[in-house]
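Line by line, the protein sequences are chains X and C. Position 378 of the first sequence, counting from 1, maps to 427 under my numbering, and the rest follow consecutively. Position 96 of the second sequence, counting from 1, maps to 145 under my numbering, and the rest follow consecutively.
No wet-lab data here; the hints were simulated from the structure. Any given hint could be a false lead.
For identical chains, the list gives no copy identity; a pair is met inside one copy or between any two copies.
No more than 25 angstroms apart at the CA atoms, straight line, and that leaves these computed lysine-lysine pairs for DSS-like [unchecked claim]:
hint, residue 1, residue 2
1, 193, 103
2, 165, 424
3, 245, 289
4, 193, 96
5, 224, 410
6, 281, 319
7, 412, 154
8, 154, 243
9, 440, 165
10, 410, 245
11, 272, 103
12, 154, 363
13, 440, 154
14, 243, 220
15, 103, 224
Protein chains: 2
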Amino acid sequence: MDAEIIGVGRELLLGQISNTDAQYISQKLSQLGINVFYHTVVGDNNKRLKEVLKIAVSRADLIITTGGLGPTMDDLTKETVAEFLGIPMELHQPSVEQIEEYFTKRGRRVSQNNYKQAYFPKGSIVLPNNHGTAPGAILEHDNKIFIILPGPPRELQPMFEEHVIPYLEGKSSEKIISRVLKIYGIGESDMEEKIKDLLINQSNPTIAPLAGASELTIRLTAKTSRNEDPYKLIQPVEEKIRERLGDVVYGIDDDTLESVVVNLLIESGKTIATAESCTGGLIAERITSIPGASQVFLQGVVAYSNQSKIERLKVSKETLAQFGAVSQQTAEEMVKGIIETSGADIGVAVTGIAGPGGGTKDKPVGLVYIGIGDKNGFLAVNRYNLLGDRKRVQQSSASLALDSIRRALLNGDIG
Amino acid sequence: MDAEIIGVGRELLLGQISNTDAQYISQKLSQLGINVFYHTVVGDNNKRLKEVLKIAVSRADLIITTGGLGPTMDDLTKETVAEFLGIPMELHQPSVEQIEEYFTKRGRRVSQNNYKQAYFPKGSIVLPNNHGTAPGAILEHDNKIFIILPGPPRELQPMFEEHVIPYLEGKSSEKIISRVLKIYGIGESDMEEKIKDLLINQSNPTIAPLAGASELTIRLTAKTSRNEDPYKLIQPVEEKIRERLGDVVYGIDDDTLESVVVNLLIESGKTIATAESCTGGLIAERITSIPGASQVFLQGVVAYSNQSKIERLKVSKETLAQFGAVSQQTAEEMVKGIIETSGADIGVAVTGIAGPGGGTKDKPVGLVYIGIGDKNGFLAVNRYNLLGDRKRVQQSSASLALDSIRRALLNGDIG
Chain X
50 MDAEIIGVGR
60 ELLLGQISNT
70 DAQYISQKLS
80 QLGINVFYHT
90 VVGDNNKRLK
100 EVLKIAVSRA
110 DLIITTGGLG
120 PTMDDLTKET
130 VAEFLGIPME
140 LHQPSVEQIE
150 EYFTKRGRRV
160 SQNNYKQAYF
170 PKGSIVLPNN
180 HGTAPGAILE
190 HDNKIFIILP
200 GPPRELQPMF
210 EEHVIPYLEG
220 KSSEKIISRV
230 LKIYGIGESD
240 MEEKIKDLLI
250 NQSNPTIAPL
260 AGASELTIRL
270 TAKTSRNEDP
280 YKLIQPVEEK
290 IRERLGDVVY
300 GIDDDTLESV
310 VVNLLIESGK
320 TIATAESCTG
330 GLIAERITSI
340 PGASQVFLQG
350 VVAYSNQSKI
360 ERLKVSKETL
370 AQFGAVSQQT
380 AEEMVKGIIE
390 TSGADIGVAV
400 TGIAGPGGGT
410 KDKPVGLVYI
420 GIGDKNGFLA
430 VNRYNLLGDR
440 KRVQQSSASL
450 ALDSIRRALL
460 NGDIG
Chain C
50 MDAEIIGVGR
60 ELLLGQISNT
70 DAQYISQKLS
80 QLGINVFYHT
90 VVGDNNKRLK
100 EVLKIAVSRA
110 DLIITTGGLG
120 PTMDDLTKET
130 VAEFLGIPME
140 LHQPSVEQIE
150 EYFTKRGRRV
160 SQNNYKQAYF
170 PKGSIVLPNN
180 HGTAPGAILE
190 HDNKIFIILP
200 GPPRELQPMF
210 EEHVIPYLEG
220 KSSEKIISRV
230 LKIYGIGESD
240 MEEKIKDLLI
250 NQSNPTIAPL
260 AGASELTIRL
270 TAKTSRNEDP
280 YKLIQPVEEK
290 IRERLGDVVY
300 GIDDDTLESV
310 VVNLLIESGK
320 TIATAESCTG
330 GLIAERITSI
340 PGASQVFLQG
350 VVAYSNQSKI
360 ERLKVSKETL
370 AQFGAVSQQT
380 AEEMVKGIIE
390 TSGADIGVAV
400 TGIAGPGGGT
410 KDKPVGLVYI
420 GIGDKNGFLA
430 VNRYNLLGDR
440 KRVQQSSASL
450 ALDSIRRALL
460 NGDIG
């Protein structure tokens, strides 16, 4: 099956947003073994969209549109698909009810134009939207499949997972499964060097390394007939890669450094507290973004001012005066202070210069100290010189801190 | 002039990368007054790329390709454009020298296939690449303009700034400027209702509303001749929209709720501290993401456990026992406590149930109390029932908290 993805929306053509929907859908279709040969983006314009649809049906079997399902006059994707196929629009009563419920829950009034979102080309399978007011639709017509999806990723993605993937799987005789290995703490070329022979000899599963902003992933994708288990093909290759790379492989699929840390803490029955300066609460925020964090995360202090480092974390005035807020000594006292004042088993502290201001020759922007320790007296502080802008320095510092905790827990250093 | 942007590359169709080149070029062309009516993405395939070029010349005057200029056999954009137009390829001697210099500087040997990157369709204006080995090209042919650019953004963007923009400005008699109004605290349809007549009668500037995850924007775009000032057209319309919408318009262009809050605090010379439970440090993180936050942000407490609410924020045991951690009373004491213990002028506190666990019939997931106050005794706590998953509840709570501070500062309620 060959697919074309059509993004509809002026905001894409103006460059206000990037076409991440096409990226997301392409990834998912690739995992399903469906070829994507074209992406197209067109504005909310009846004539141009119809021309784009005409081109798409001439070169693809599966046409997926994203966007243009909103309540406003501008939004015309469904209507244009219906017109293009010569199919009338029809009111879908369950969608009326879902839309009314959506607004009632939020204590808001349904405005008249929201009912527009409950009309679909006749014969559509309507896909409920649990994260917004625009349902999607699947329409089979003349041996072509049209899938009409809302634009906002937080609406599109769950709809795709819950409804589109099962639908497309039903159309296929193959089973394709992917597993993503999540990797932190090694460079791209070092990693590739270590698994070079596996990369050269890959076939089923395929092995696809990908470098992100601060992490690497390796996607293993195996294909079998519907009554076999593709995991059986993935497993031995995954084991080989883990042997070669060691503990830089921190998780799989949806794992994040913070989810792995929270789970390790839950398993070991240990609690943690954070003391942050330049990361400004980011480590606490990443830990508490994980459901169940309240079992292990007691508290965090964002000690931005010197005064707060003294009062909240018992950093000594003398240390701050002699070595400065960004120093090995201050980081050590922050770790000790957060463990002592919070009562947590484990403490983590970060102090550094995120920039753009505040750097000096001796202490440039990007200088960061990250410390971890526990109430049994373990204490380790590392110094880093990080590159990038403020946001990048803050994110890298938080990732390094989380990875330090992960490794120390795995090695039995802390806890 | 009407443009189409053609992205060439398998990595786009597999979803390994997002088409940020199209977004970047669209923004730039929009600022130049050039309409972008289509984006297309196609693989590194001679036949399909030629078909895409054929469609593009039928509907655009300016065709910009990105990608497919590498040294490998896969890279065939230039060759395919030449073949499509019936123009021979020609060696461009200055590019040979530039490529050799690029490798010599890096202590690397030029491999034979790198010379492929010095061939161009005859008659091209060659665009030097100061950040890689693939030069770009501009080719005028039969009243159409073809601009051929490398894929990597760090090569494409400087080439676009240095060579493409001056070239295109020379072709245009118009000037175009956009301003984005940032809006928080009103729904999309309510907003459109209030400016309906402006939307219907828009022409120059155009008025484009856009709904994001939790915010709205309105982009005003005005076009004038080169010796006039497009802002003169934007200004009266912006004023009308601000009159209709009031203080839900919180900023313009790159403003965020947190940047506006930090700037209002800097202007008023006031300091702030945060006390967070369910947002887990997100408010502190958003405030400290803004350069200069250290002038106004003293500290934050992420008081996740009851014990930390008692010890760090002086919330009374009785209040926690009688009303619970998620209650009006606890929120009030958290605000008072953070102001008292931090010495900040202004305090903000959030306590709630982010989910997925922890909800009860009386206190469901999404119940959040947000309080703000100051050291002069002002105190206000609002109760919200927020929808969505954990992440959404946390993000919405943080945005509501930041917006509460913004409004209170604007109204002179706190400070």
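Hint check results:
When the C-alpha separation of residue 193 and residue 103 is checked against a cutoff of 25 angstroms, the pair qualifies both within a copy, at 12 angstroms, and between copies, at 24 angstroms. In this assembly of identical chains, the alpha carbons of residue 165 and residue 424 never lie at most 25 angstroms apart, being 61 angstroms within a copy and 50 angstroms across copies at closest. When the C-alpha separation of residue 245 and residue 289 is checked against a cutoff of 25 angstroms, the pair qualifies only within one copy, where the shortest distance is 12 angstroms, while the shortest distance between copies is 62 angstroms. For a Cα distance limit of 25 angstroms, the shortest separation of residue 193 from residue 96 qualifies both inside one copy, at 21 angstroms, and across copies, at 23 angstroms.
Neither within a single protomer nor between protomers do residue 224 and residue 410 lie at most 25 angstroms apart by alpha-carbon distance, with minima of 58 angstroms and 42 angstroms respectively. Proximity of residue 281 to residue 319 under the C-alpha cut-off of 25 angstroms is found in neither arrangement, the shortest distances being 35 angstroms within a copy and 62 angstroms between copies. For the homomeric pair residue 412 and residue 154, the shortest alpha-carbon distance between copies (15 angstroms) is at most 25 angstroms, but the shortest distance inside one copy (52 angstroms) is not. Taking identical chains as interchangeable, the C-alpha atoms of residue 154 and residue 243 lie at most 25 angstroms apart only when they sit on different chains, with a minimum of 23 angstroms there against 54 angstroms within one chain.
For the homomeric pair residue 440 and residue 165, neither the shortest alpha-carbon distance inside one copy (41 angstroms) nor that between copies (29 angstroms) is at most 25 angstroms. With identical chains, the CA atoms of residue 410 and residue 245 are never at most 25 angstroms apart, being 41 angstroms at best within one copy and 56 angstroms at best between copies. Within a single copy, residue 272 and residue 103 get their C-alpha atoms no closer than 30 angstroms, and across copies no closer than 33 angstroms, so neither meets the 25 angstroms cut-off. Proximity of residue 154 and residue 363 under a CA criterion of 25 angstroms is satisfied in neither setting, with 47 angstroms inside one chain copy and 35 angstroms between copies.
Within a single copy, residue 440 and residue 154 get their C-alpha atoms only as close as 36 angstroms, which misses the 25 angstroms cut-off; across copies the closest is 19 angstroms, which meets it. Proximity of residue 243 to residue 220 under the C-alpha cut-off of 25 angstroms is found in neither arrangement, the shortest distances being 39 angstroms within a copy and 46 angstroms between copies. Within a single copy, residue 103 and residue 224 get their C-alpha atoms no closer than 30 angstroms, and across copies no closer than 35 angstroms, so neither meets the 25 angstroms cut-off.
When held up to the earlier numbered hints, the structure conflicts with 2, 5, 6, 9, 10, 11, 12, 14 and 15 and fits the remainder.
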